[in-house]
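What follows is the residue order along each chain.
2 protein chains.
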Amino acid sequence: MNYYGEIISRLIEELARLPGIGAKSAQRMAFHIVNLPKERAFSLASAITEARDKILYCEVCQNLTDVSPCQVCDNDNRDFTKIMVVEDPRAMVAYEKTREFKGFYHILHGAISPLAGIGPSELKVKELLARLGDTEVEEIIIATNPNIEGDATALYLSRLIKPLGIKVTRIAHGVPVGGDLEYADEVTLARAYDGRREI
Amino acid sequence: MNYYGEIISRLIEELARLPGIGAKSAQRMAFHIVNLPKERAFSLASAITEARDKILYCEVCQNLTDVSPCQVCDNDNRDFTKIMVVEDPRAMVAYEKTREFKGFYHILHGAISPLAGIGPSELKVKELLARLGDTEVEEIIIATNPNIEGDATALYLSRLIKPLGIKVTRIAHGVPVGGDLEYADEVTLARAYDGRREI
Numbered sequence: 002m003n004y005y006g007e008i009i010s011r012l013i014e015e016l017a018r019l020p021g022i023g024a025k026s027a028q029r030m031a032f033h034i035v036n037l038p039k040e041r042a043f044s045l046a047s048a049i050t051e052a053r054d055k056i057l058y059c060e061v062c063q064n065l066t067d068v069s070p071c072q073v074c075d076n077d078n079r080d081f082t083k084i085m086v087v088e089d090p091r092a093m094v095a096y097e098k099t100r101e102f103k104g105f106y107h108i109l110h111g112a113i114s115p116l117a118g119i120g121p122s123e124l125k126v127k128e129l130l131a132r133l134g135d136t137e138v139e140e141i142i143i144a145t146n147p148n149i150e151g152d153a154t155a156l157y158l159s160r161l162i163k164p165l166g167i168k169v170t171r172i173a174h175g176v177p178v179g180g181d182l183e184y185a186d187e188v189t190l191a192r193a194y195d196g197r198r199e200i
Numbered sequence: 002m003n004y005y006g007e008i009i010s011r012l013i014e015e016l017a018r019l020p021g022i023g024a025k026s027a028q029r030m031a032f033h034i035v036n037l038p039k040e041r042a043f044s045l046a047s048a049i050t051e052a053r054d055k056i057l058y059c060e061v062c063q064n065l066t067d068v069s070p071c072q073v074c075d076n077d078n079r080d081f082t083k084i085m086v087v088e089d090p091r092a093m094v095a096y097e098k099t100r101e102f103k104g105f106y107h108i109l110h111g112a113i114s115p116l117a118g119i120g121p122s123e124l125k126v127k128e129l130l131a132r133l134g135d136t137e138v139e140e141i142i143i144a145t146n147p148n149i150e151g152d153a154t155a156l157y158l159s160r161l162i163k164p165l166g167i168k169v170t171r172i173a174h175g176v177p178v179g180g181d182l183e184y185a186d187e188v189t190l191a192r193a194y195d196g197r198r199e200i
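If you're matching them up, the sequences are chains A and B in order.
The opening position of the first sequence corresponds to residue 2 in our numbering, with each subsequent residue numbered one higher.
The opening position of the second sequence corresponds to residue 2 in our numbering, with each subsequent residue numbered one higher.
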């Protein structure tokens, strides 16, 4: 039996398709939405429609943006010799917040994962190579996630780009600052050892 | 700095207002929505608009529904002598799934909570009393949540309804079936002791 009626059930189903939202959270969200003042509910719906409608990929870095080139790429004060390659916009924002990196970014929108059927052609790799042709890029910093897919992507890109005479680096893996060695996993500890530097 | 541009930031903000959704989940959801096929994103937005637009309170039990009276109230085969009072539609559905209760429901849409400024007038109490006037109700089963607010609501309702000559009961509190005594809290254990029955 459909206890909630068709309209609420449809809303629950739609919400449950969002990432990280299970059946119970979707129910909670649906009842919350139904109890919102009308203008608040409509404002949420219009934010969804507008975002999907107006967002485009930045012609330079492939970030999702409402103006192209995006705010980051449209900045002559940044370092033209460096491009950091990340998997998604959130990784880019995470690095921007450090205020340490002054170069440009390139967003792949994913990582190579043969199991999930994602190869280089599903990622923004072609667009990255196009950028290397007409700029004075000296270094590509690969900041894909520290997991199998991220590592595979890093290896693939380095093999593709190194022959062009451009330096390819990968961000360091090791014990997180403020972390406790006791809680670090073996792989991280091994990588931290491999990456040791003289002090 | 607004790293994501205005449109995505607005969507993230709107999503972060939903219950149980923090800043990180809202970001994940926003990027998921922006990457959806257009018709899927628009379908989500329209489900929200439609639900908020068309959902009404059932004139009998105050459940949220698209037809009034709702499916549950519009059923002559149920037991007219019993009304179970719950805080929200999810509690009603939870009881419906047990297939144990064959009476009718009344949804309060909350519980008395002086700290949150919610008194009886914010709940569907008036509507409950109206139902007692013109039906042959013999028993009100109070199934508000087992916490301070739910207990206060149960006490308030019992004082209001008992003088009308109607039996008022409360669902049992005790150790959950399949649970382990070791992990039950003191209050639950005390309630389970108080509610002991001869076997």
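Some clues are possibly wrong.
As the list claims (entries may be wrong) - A few chain B residues that don't get close to chain A, going by computed Cβ distances all over 12 Å:
| no. | residue |
| --- | --- |
| 1 | D77 |
| 2 | K127 |
| 3 | R160 |
As the list claims (entries may be wrong) - Within a straight-line C-alpha distance of at most 30 Å, the following computed DSS-like cross-link-like pairs (lysine-lysine) qualify:
| no. | chain 1 | residue 1 | chain 2 | residue 2 |
| --- | --- | --- | --- | --- |
| 4 | B | K39 | A | K25 |
| 5 | A | K125 | B | K39 |
| 6 | B | K25 | A | K39 |
What the hints contain is simulated information worked out from the structure, not anything from laboratory work.
For glycine and all other residues, C-beta sits at the position ideal for the given N, C-alpha and C.
Right, here's what the structure says about each hint:
{"no.": "1", "hint": "D77", "in the structure": "holds (17 Å)"}
{"no.": "2", "hint": "K127", "in the structure": "holds (18 Å)"}
{"no.": "3", "hint": "R160", "in the structure": "holds (28 Å)"}
{"no.": "4", "hint": "K39(B) - K25(A)", "in the structure": "holds (26 Å)"}
{"no.": "5", "hint": "K125(A) - K39(B)", "in the structure": "holds (20 Å)"}
{"no.": "6", "hint": "K25(B) - K39(A)", "in the structure": "holds (26 Å)"}
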